[in-house]
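All chains, please: the whole structure from these sequences, using the hints.
In order, the protein sequences belong to chains C and X.
Quick note, the first sequence lines up with residues -17 to 518 if you use our numbering.
Quick note, the second sequence lines up with residues -14 to 303 if you use our numbering.
Don't take every hint at face value.
Claimed, not checked - Below, a list of computed lysine-lysine pairs in the PhoX-like style, where the Cα atoms sit at most 20 Å apart:
| id | chain 1 | residue 1 | chain 2 | residue 2 |
| --- | --- | --- | --- | --- |
| 1 | C | 248 | X | 147 |
| 2 | X | 161 | C | 191 |
| 3 | C | 159 | C | 448 |
| 4 | C | 159 | C | 131 |
| 5 | C | 266 | X | 208 |
| 6 | C | 222 | C | 109 |
| 7 | C | 109 | C | 122 |
| 8 | C | 109 | C | 98 |
| 9 | X | 147 | C | 246 |
| 10 | X | 147 | C | 191 |
| 11 | C | 266 | C | 246 |
Derived from the structure by calculation, the hints contain no laboratory data.
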Amino acid sequence: MKKILIISLILLISIPLFIGCSSESPTSPGITSSFSTPGSATPVSGQSGVSSPQPQYGGHMKWIHTGGMPILGHAIDGVFGTRNTRPALEGLLLSDEQDRIHPWLAESWDVSPDGKVITLHLRKGIKFHDGTDFNAQAVKYNVDQTVEKNVPGSAAFTNVKSIQIPDDYTIVFTLDKYDYAFLLRLAQGFLIGSPTALSKPTTPENTAKDHLVGTGPFKFDSWSVEQFARFTKFSNYWQKGKPYVDSVEVRTTPDITVAIMSFKAKEVNFVDVLDPSDAVALAKEGYEIYLPPLFFVHVIIPDSANPQSPFADKRVREALEYALNREAMAQTIGKGYMFPAYQIATKGDPWEQTGLPVRQYNPSKAKRLLAEAGYPNGFKTTIVSDVRIRRDQLVAVQTYLKEVGIDASIDMADVPRFNSLTQSGWSGLLMPGFPVGSTLMGIVGHFNDTVFTYPSRKQFEGYKDKWDAVFRQTDYEQMITQLKANLKIEIEEALITPYIYDQPRCVIDDKLQDMNWTKRHTFDYWSPADLWLKQK
Amino acid sequence: MGSYILRRLVQGLLILLLATILVFFIMRLMPGDPLLLYMSTQDIGTLTTEQMEALRHQYGLDKTLPEQYISWLGGVLRGDLGKSIYYRMEVISLVKQRMPITINLGIEAFILSSLLGIFFGVICAVRRATWIDTVFTILANLGITVPTFWVGILLIYFFSLKLGLLPTTGYVSPIKDFGASIRHSIMPVFCLSLFSIAALTRQTRSSMLEIVSQDYIRTAWAKGLSEKIIIIRHQLKNALIPVITMLGMQVAMIFGGSVIIETVFNIPGMGRLLTTSVFQHDFPVIQAGTLIMASVIVLSNLLVDISYGWFDPRIRYG
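Have a look at this one:
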């Protein structure tokens, strides 16, 4: 009897161990609709304004991300990123998938012929949640406070020479020099708060309660640090008839597994940024995987500016490209959700171009190029990466390089050290864990940043002037032409090696509609005013 | 006793000083500029070089290392733990936010692990070589070996996802909503105390078995005392010295284990704060966290040492 009891107990305890250790083998993704090639597929119905049914009122929308919520408030409180504050705050402008500018709280704008004077005409009749009027004075107050407090985002206004307010609904920015990035920044991250609220002294514990007062469709209700932020419907929202749901709640957790379990337990309607294997598993279980219209490109940057480095030779850099099997990496690592990248543009991007060298996987050619460059037996180098990278990407690149004779050791840095290396220089190959956003700001920001200057990457002749020139063009088409020209040199000279595209995959339940996550080429963007929940 | 406590407190202060010096210099000598974490590759967060230098000055990072340490130490003596680079708020505010959460869970885990660990250990010792002893010993060995984060995810899977009985994650203050607080605490507290329960069970069993063969225990049985009196008044009290030592160590383990549990269950406590700060090179928070954790461990060890005198009257401190 005792023996039976003991054996039963052991079996009982062992069962969870096996359940916990079991794993599903990946199959082809069960996505109902997706992007088959970057930028070209049909979006999920109802998820980006494509012939959706009539919105319904009511319900409480909740979603969860792993991005953290260390503080909550307005940008002047040092809050960076906007996903947690979008329900309450809005910007003057919006962008689209081609980074063209569209009106929002500013209903129109004029740009002087020399591009240095930008006049924004604001919508009338809008009130902040606390009843304060939205007007030009409110906008100027937000700008002044952002600059005065020296918070991230204040760099958007370093080019502003003066601000005038000819009337209550007109604000005139005079710039030192024209900069398209100024309008993009207004569209993609600068959100307006009530000056009455922002002028109120507060403490770090109360920045949300005191400063998160905007024109958005929802009012701040409550929050808990690193847990959730709750917002309730603002009945006096300027877009009549909206919002549709009664409340929204943004949750955060550091662990994606827990976030997925929260979704499966029907605690939330949406989870963002899934690993490809999680997306495959969820699709297999019948959940809908949402692929937003925003791509990121993973790159490798050789230390081409270092004369002692083998990568100073263009043939070696080309060999690096020929050594990589991008198609295999995209398929194996991405499990159908990633795509091979040969340029820093996705299909449909205005800066996508034909005629660029496409250095497809060819290890023989890689070896030949290495031999021509004086490395017939290859050489040793280092791949410097950071903790945000997928390990299988790193190992895949290391393996492909080994096949052609390049023996690469891996130096895995934490984020602060990695950031320092992008500022001070590195030796070998730099493989950032955080990819380059395939947007105008993402690309130009990567090549033309004033802090992360990548000094170990060779700069082509006239580099600074040519990259500065991109956003100096007052005409959109000329801007794209300049951008294309710069990217062409980068790719032709193999100064940067894009290898795969990625998307922020999400899982969404069948009730949630029109959330528009990362629409408008803005990573943190979603539209609380438009989303609604299918009622039974 | 008074002079002993004073002596130990002075020693404790020296230990704290050494710990903070070590952490201070090691963290700052590691490569990686925490201010660069302000930067966003999406450009909207980019600061100019001048703004970066202004920030560096604001956080005192442009001073020499000894100057920075002395400045920090002076601030600590005034009750100012500095300003977090990552969270951009006063460290003391962060600690006030997070510490009660970790203490709340820590105390619950400590009480649970102490009560259950000692209880199971006594049962095992009293019912030695029976099936009860075998079962609890196996469970104790499992409790020591299984990773707590895995147990946590398993609990979420069963109790939240499958049975829908408990919430997946989060923390609710018992002051705000006691019922919800209990529901949110059950799984994390269990995970936090699992290793301690197992370790205490084994230690208590072992200590009790050493005592059971003593002459005075045989005498107690011969005198006809009840089993309950013998176990509690004679065996347990004398067996608790090594158990008390282990209890003191459990305080450190519970605080350390909170890092993993707070991450799995999304609890905004000190453990998560410290983890994030280490990854972000948020020096002021790391310093403050080290100081607080070291203080807790020093004080708990002191309390353990003082309690020896109560359990064993032969132990006296001069």
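So, going through the hints one by one against the coordinates:
no.: 1; hint: 248/C x 147/X; verdict: holds (11 Å)
no.: 2; hint: 161/X x 191/C; verdict: holds (18 Å)
no.: 3; hint: 159/C x 448/C; verdict: holds (15 Å)
no.: 4; hint: 159/C x 131/C; verdict: violated (23 Å)
no.: 5; hint: 266/C x 208/X; verdict: violated (71 Å)
no.: 6; hint: 222/C x 109/C; verdict: holds (13 Å)
no.: 7; hint: 109/C x 122/C; verdict: holds (16 Å)
no.: 8; hint: 109/C x 98/C; verdict: violated (30 Å)
no.: 9; hint: 147/X x 246/C; verdict: holds (9 Å)
no.: 10; hint: 147/X x 191/C; verdict: violated (36 Å)
no.: 11; hint: 266/C x 246/C; verdict: holds (13 Å)
In this structure, the hints that do not hold are numbers 4, 5, 8, 10, in rising order.
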